[in-house]
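Colleague: Chain residues, written in single-letter form:
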Amino acid sequence: DSGVTQTPKHLITATGQRVTLRCSPRSGDLSVYWYQQSLDQGLQFLIQYYNGEERAKGNILERFSAQQFPDLHSELNLSSLELGDSALYFCASSVGPSQNIQYFGAGTRLSVL
Amino acid sequence: QQQVKQSPQSLIVQKGGISIINCAYENTAFDYFPWYQQFPGKGPALLIAIRPDVSEKKEGRFTISFNKSAKQFSLHIMDSQPGDSATYFCAASPNTGNQFYFGTGTSLTVIP
Chain A
1 DSGVTQTPKH LITATGQRVT LRCSPRSGDL SVYWYQQSLD QGLQFLIQYY NGEERAKGNI
61 LERFSAQQFP DLHSELNLSS LELGDSALYF CASSVGPSQN IQYFGAGTRL SVL
Chain B
1 QQQVKQSPQS LIVQKGGISI INCAYENTAF DYFPWYQQFP GKGPALLIAI RPDVSEKKEG
61 RFTISFNKSA KQFSLHIMDS QPGDSATYFC AASPNTGNQF YFGTGTSLTV IP
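Taken in sequence, the protein lines are chains A and B. Heads up, the first sequence is in our numbering, so the first residue is 1 and it goes up one at a time. Heads up, the second sequence is in our numbering, so the first residue is 1 and it goes up one at a time.
None of these hints come from the bench; they were simulated from the model. Treat the hints with care, since some could be wrong.
What the hints assert, rightly or not - Below, simulated DSS-like cross-link-like pairs (lysine-lysine); rule was C-alpha separation at most 27 Å, straight line: (1) Lys71(B) <-> Lys57(A); (2) Lys57(A) <-> Lys42(B); (3) Lys5(B) <-> Lys57(A); (4) Lys68(B) <-> Lys42(B); (5) Lys71(B) <-> Lys9(A).
Said to hold, decoys possible - Partial list, derived from the structure: chain A residues whose beta carbon lies under 8 Å from chain B: (6) Ser2; (7) Thr5; (8) Gly58; (9) Pro97; (10) Asn100; (11) Gly105; (12) Gly107.
Backbone N, C-alpha and C define an ideal beta-carbon position, used for all residues, glycine too.
The task is simple: from the sequences and hints, build the whole structure.
Modeller: Following this line, the structure appears as structure tokens:
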């Protein structure tokens with residue numbers, strides 16, 4: 001068990017809808033990362049937050065947004081969902097903002113029908 | 001484009017054999033290179049990592065070899081076991097941040 005908790009484990013929704021994925025980092029970790037894992041794209045970095053502030057942005061679509069709350073949990077919001085958004089979404093956490101080991105949660109499997 | 005190229009896509013090895021997975025990168029700003037192991041239904045878990053100031057790092061049966069001039073690094077799994085059957089991802093992180101750029105993964109199957 002990595003100590004990173006992601007909910008829900010599975011999510012099934014329809015095109016055009018909006019969903020929220022939640023992540024609780026390991027105790028003491030200030031940084032949270034979101035990754036998308038799809039069959040054709042592999043693991044793609046989406047966004048990083050450190051102590052409530054956006055730290056780095058990767059291949060995140062404008063329809064997607066994230067935030068990190070004062071208690072350090074993070075949420076990834078996906079809106080106007082398309083079939084191609086179906087994927088595994090992983091959250092990871094690390095102690096500091098850079099050059100640190102990242103611990104991954106078990107992921108949320110999103111199916112857009 | 002894929003910042004870290006990984007090969008092979010899949011690998012089948014006999015129990016007791018050596019599994020070798022290769023990765024290559026172009027961005028010279030990368031200076032942290034972890035390998036992650038992922039079992040079905042689980043998130044990736046850190047296996048071993050290396051920084052470019054050393055050419056090799058060994059932890060148990062797992063060894064990373066790093067060639068800075070060629071911008072290549074590889075994972076060697078000695079005495080491969082059926083329990084090693086998983087997907088392996090190499091990754092790279094720049095010195096300016098901590099976002100990981102992952103390879104496309106190698107599905108390893110170790111036959112008893």
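Colleague: Now tell me, hint by hint, if it's right for this structure.
Modeller: Quick rundown of the hints versus the structure:
no.	hint	result
1	Lys71(B) <-> Lys57(A)	25 Å, holds
2	Lys57(A) <-> Lys42(B)	24 Å, holds
3	Lys5(B) <-> Lys57(A)	21 Å, holds
4	Lys68(B) <-> Lys42(B)	32 Å, violated
5	Lys71(B) <-> Lys9(A)	37 Å, violated
6	Ser2	6 Å, holds
7	Thr5	11 Å, violated
8	Gly58	6 Å, holds
9	Pro97	6 Å, holds
10	Asn100	6 Å, holds
11	Gly105	5 Å, holds
12	Gly107	5 Å, holds
The structure shown violates the earlier hints numbered 4, 5, 7.
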